[in-house]
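Line order of the protein sequences matches chains D and V. Numbering follows the working numbering, in which position 606 of the first sequence is assigned residue number 606; successive positions increment by one, without gaps. Count along the second sequence starting at 1, add 1000, and that's the number in the working numbering.
One or more of the hints may lead you astray.
[What the hints assert, rightly or not] Footprint (simulated), chain V over chain D, 3 or more residues, beta carbon under 8 Å:
#1 341-354
#2 546-559
#3 592-600
[Stated by the list, open to error] Computed list of lysine to any residue pairs in SDA-like fashion (alpha-carbon distance at most 20 Å, straight line):
#4 Lys1069(V) x Lys153(D)
#5 Lys1069(V) x Gln1084(V)
#6 Lys1069(V) x Phe550(D)
#7 Lys506(D) x Lys1029(V)
#8 Lys153(D) x His176(D)
#9 Lys1112(V) x Lys1029(V)
#10 Lys1029(V) x Leu1014(V)
#11 Lys1069(V) x His176(D)
[What the hints assert, rightly or not] With the C-beta cut set under 10 Å, the calculated list includes, among others, these residues of chain D facing chain V:
#12 Asp502
#13 Gly505
#14 Ala675
FYI, nobody ran anything at the bench for these hints, they're computed from the structure. Even glycine gets a Cβ: it sits at the ideal position worked out from N, Cα and C.
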Amino acid sequence: MFNSRGVGHGVALLALLLVPILWQDMPIVGATRLAWLDGYQELSPRERRSAPAVIVAIDEVSLDRFGQWPWPRTLVAQLIDKLGAARPAAIGVDILFPEPDRLSPEWLAPSVAEVDPRLAARLAMLPRHDAVLAASIKAAPVALGIAGLEAGKPSEVAPLTPSLQRGSDARAALRHYASTLRSLPEIDTAARGHGLLSADTEAGVVRRVPLVALVGVTPVLPLSLETLRLASGEPLFFVQGGVAGVEAVGIGDLVVPTQSDGRLWVHYTPHDASRFVSAADVLGDKADPAQLEGKLVLVGVTGLGLIDYQSTPLGERMPGIEIHAQVLENVFDGALLVRPRWATWVEGLALFVMGLVVVCSVPRLSPGRSTVLLLLSLITLGAAGFGAYRVAGLLLDASVPGAAIVFLFAAMLVETLAEANAQKKLLQERLQRERESAARLAGELDAARRIQIGSLPRPESAFPSEHRFEISAAMEPAREVGGDLYDFFMLDAEHLFFLVGDVSGKGLPASIFMAVSKALCKSTALRRGRRVDELLHEANAEIARENPEFLFVTVFAGVLDVLSGRLEYCSAGHEPPFVLAADGEIARLEEGGGPPLCVLEEFSYVAAEHEMSRGGIVCVVSDGVTEAMNPAGELYGAVRLREALERGRNTENPAALVNAIRADISQFVDGAEAADDLTLLVLRWNGPSAR
Amino acid sequence: MHVSQERYGDTLVLTPIGRVDNSTTDRLKSGLDAYIASSRAGGNRLVLDFSKVDYISSVGLRVLMLAGKEIREQGGSIVVAALQPVVREIFEISRFNLVFQCFGSVREALTKVSPTALAAYDSAHGT
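So here's chain D without its partners, still in its complex pose (with noise of 0.2 Å):
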């Protein structure tokens, strides 16, 4: 049942929900988002098709061949030469080297002097690692790490890429870090890069890097862009700024559209172990060197346990170097990521169309019906987003436009179940009250047929001790109370009135109307005498007078002369009743007469007359006996009546005959409910000195 209220409480409801959605940082909304975008890359992650970056990892492997970490900076630059020398495009280095090396030559010298002054003195002669790592650095397209700290100064000396606005001036927008902590000046200057090491966690998991931080007020590439800034030979790099905010980030030619807070949502493949050649391979001259040559190669410590491990979104730990080659590879692919600016405003205008649809479809459709719609429209939510995901790359949420939508169909499931139950309750009361009501109703039913019998003559005791002629009646109304009337009674000492009436309807009206119409003929009767004509020409104008429903009446009316069987009669649109002589002739009473009381007024009723035989025989019916119908619907007939009455001829007397002609037409209509009411009279003329 359609409810208008219900659909208010929805539409309400539903404007209610689209606050988290439009709040994209709500607490525990935020997170579940975060978690269904990284559904859809652990249903399907980024398939790995190129392989610009190369991570050299000092891994466990090295650190058993050449000791324990730190090494000896010179070590580190053994390295870097050897990396240098395999012409790579840039070299990317994830270590901070913020203190000086312990184990330069110059530390050692103070602690042997006392024992050999002159070892001493050698020492102090031998370079200085730092100078040596920092020589290293200088000789090659090297990019340090340094880290983004929240406190302190930035270095007003320490050198940093420098970079171009474009657009508006998008720097409040980033990611800020006050310092940094860097690489010694000597190591931190030779390098001719310097690329942020830092990256935010969310709830654990690293889902966005930034593409561009502020240090300061100074913007900064993190090192994976800063190592591809290198290889590119660009002196620098720029920040597109727009309305909300960054647009993208650039090196030369190369744009890289960025979140509008310059991060990059990483597109990960899970960890892949050909992207990392051991160090010590490296520096046992083992490794291919057509495997560093022309790439991007990312120097960092993998072997030192879980020190720089991070968690995806994929569900796996992978060390922080493994990230920036991703990112390198996101931006080599353009296999990037975009939750674009209008994503809110998709997700919220989904919401609203799936929650309109629920809303006015769940108060019109069965639960089970409901719930397959639901269904039907989640599935859609899901494939749209992880549709939009596969195909666009664009990150479209499902998962609270979704929930919603299920908390708005239980609410109007419940609203509605709770409307129905009420429903049904006024329904059952209603059904209760018109119980009450039709029971009162049959009472007074009840009444008005007892009284319209109880208005009836009995016959068996009318004439007790009247011997020329015998007469007996029935009438058995039909369910509703009807309109059939029969009267009988003595004009005075010779003659017999007798009427038998039918009235055109039924229900209380009709029976009121009957009961008028019997009391106006026999008053009519008693006044008028024994002339049926006259009788019937005034009962008509008198009865319409009190005819406000205008009903008629069909009447037909005897007056037996008892001594001589004379019989005048009028019909009044009545059934012609059947006359059995003595001898079995049957005729029927058809002279005479005119239309039914109230039909015409001022008609002249024509009277007849029949010379009754000595013992015989007039029966005045009403429709409800011709008409009596059987279950396959065919009439009882004049017909059949008329074979009654020829089989009933000899009975002992009229109560018989009429007892057995009501059995006769009971047999045939074999348990039909009556339409009408059904009136037999029968009146046997025994001559005039009977007995």
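Dock chain V against chain D, hints included.
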């Protein structure tokens, strides 16, 4: 039951089809009531073609009686035509043949009711 209608000149011929009993009388009544409501006072003529009525109950007769009263009060006329045997017997028993003029056919009725209607009827039926 169903009531169709045809107009010939100044006369309307209503043709009820089926049984006119307690359950179907309302449709005949609404057909007649619509005619009565639409007819202007004076000079309206109605022929009830009963050729397709195989039974009429006393409730149906009452509807005819009421319609007859109203039409006559408006100064119009109503006649009945083409009664089937069973219905003819009902009319005879109830003496409704005294209340409504009955004719053997629609054409016969139109002959009596209106010459213009008869002409229209004949041209429509190619007689």
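Status of the hints after comparison with the structure:
1. 341-354: Answer violated; 0 residues pass the 8 Å Cβ test.
2. 546-559: This one holds; 4 residues, not fewer than the three required, reach chain V with a Cβ under 8 Å.
3. 592-600: It holds: at least three residues are needed, and the segment 592-600 of chain D offers 6 whose Cβ sits within less than 8 Å of chain V.
4. Lys1069(V) x Lys153(D): Not satisfied, since the Cα-Cα distance of roughly 112 Å exceeds 20 Å.
5. Lys1069(V) x Gln1084(V): Distance ~24 Å between Lys1069(V) and Gln1084(V) Cα, so the pair is violated.
6. Lys1069(V) x Phe550(D): holds, 10 Å
7. Lys506(D) x Lys1029(V): holds, 17 Å
8. Lys153(D) x His176(D): holds, 12 Å
9. Lys1112(V) x Lys1029(V): It is violated: about 25 Å lies between the C-alpha atoms, which goes past 20 Å.
10. Lys1029(V) x Leu1014(V): holds, 12 Å
11. Lys1069(V) x His176(D): The hint is violated at about 101 Å.
12. Asp502: The hint holds - Asp502(D) has a Cβ within 10 Å of chain V, the shortest such distance being about 7 Å.
13. Gly505: For Gly505(D), the interface hint holds, since the closest Cβ of chain V sits about 7 Å away, which is under 10 Å.
14. Ala675: Holds, because the Cβ-Cβ distance from Ala675(D) to chain V comes to roughly 7 Å (cut-off 10 Å).
When the structure is compared with the earlier hints, violations turn up for hints 1, 4, 5, 9 and 11 and for no others.
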